[in-house]
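Sequences and hints are given; from them, build the entire structure.
In my numbering, the protein residues as written are 350 to 487.
What the hints contain is simulated information worked out from the structure, not anything from laboratory work. Take every hint as true, because none was put in to throw you off.
Pairwise CB distance ranges (calculated):
hint, residue 1, residue 2, range
1, Thr459, Ser355, 44 to 50 angstroms
2, Leu465, Ser355, 47 to 53 angstroms
3, Gly467, Ala393, 44 to 50 angstroms
4, Ile375, Pro443, 28 to 34 angstroms
5, Gly467, Leu446, 35 to 41 angstroms
The structure presented is a predicted model; accordingly, all values stated were derived computationally and were not measured. The beta carbon of each residue, even a glycine, is placed where N, CA and C say it ideally should be.
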Amino acid sequence: MTTIPSRLAQMTRTSGSPAVARQRAIQLYRDWYRSAPEICTLFALNCSPGDIRRAVRAEFERNRFVSDPKVVDVLLLKGRQTYQETLNCWMQEPHILGILLAPKGRPHRTFMQEFLEGRDGEQVLPAASGSLRRDVSV
Numbered sequence: 350m351t352t353i354p355s356r357l358a359q360m361t362r363t364s365g366s367p368a369v370a371r372q373r374a375i376q377l378y379r380d381w382y383r384s385a386p387e388i389c390t391l392f393a394l395n396c397s398p399g400d401i402r403r404a405v406r407a408e409f410e411r412n413r414f415v416s417d418p419k420v421v422d423v424l425l426l427k428g429r430q431t432y433q434e435t436l437n438c439w440m441q442e443p444h445i446l447g448i449l450l451a452p453k454g455r456p457h458r459t460f461m462q463e464f465l466e467g468r469d470g471e472q473v474l475p476a477a478s479g480s481l482r483r484d485v486s487v
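Written out as structure tokens, the structure reads:
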């Protein structure tokens with residue numbers, strides 16, 4: 350497939366109102382949603398278009414309650430930029446897997462981080478209680 354860099358290019362715009370920003374966000378979401386099968390085909394991903402759609406949906410849901418218009422515009426700009434880079438094959442497969450399909454959960458806390466926060470994930474009970482570990486399921 351021939352890459353045409355200008356086919357997805359758009360001018361940088363600012364949203365005049367929250368309604369305009371919402372329309373732009375919905376349009377970007379639709380573009381991602383419709384191109385999920387093409388992304389799987391272009392990069393020969395070992396996942397279904399539904400997986401890509403779920404990842405895109407999760408990313409949009411993560412930023413759902415952002416209300417600052419400038420932040421919304423930056424998120425739309427980055428989303429559109431990533432979309433253009435993806436469909437023009439300017440990204441490699443690891444980029445796609447890292448951006449779209451990597452879990453965005455909270456990072457694992459080390460013992461020292463939990464200690465400094467005053468938390469102890471695995472509290473040890475005194476030996477007189479009959480068990481060495483506290484039962485978490487209770």
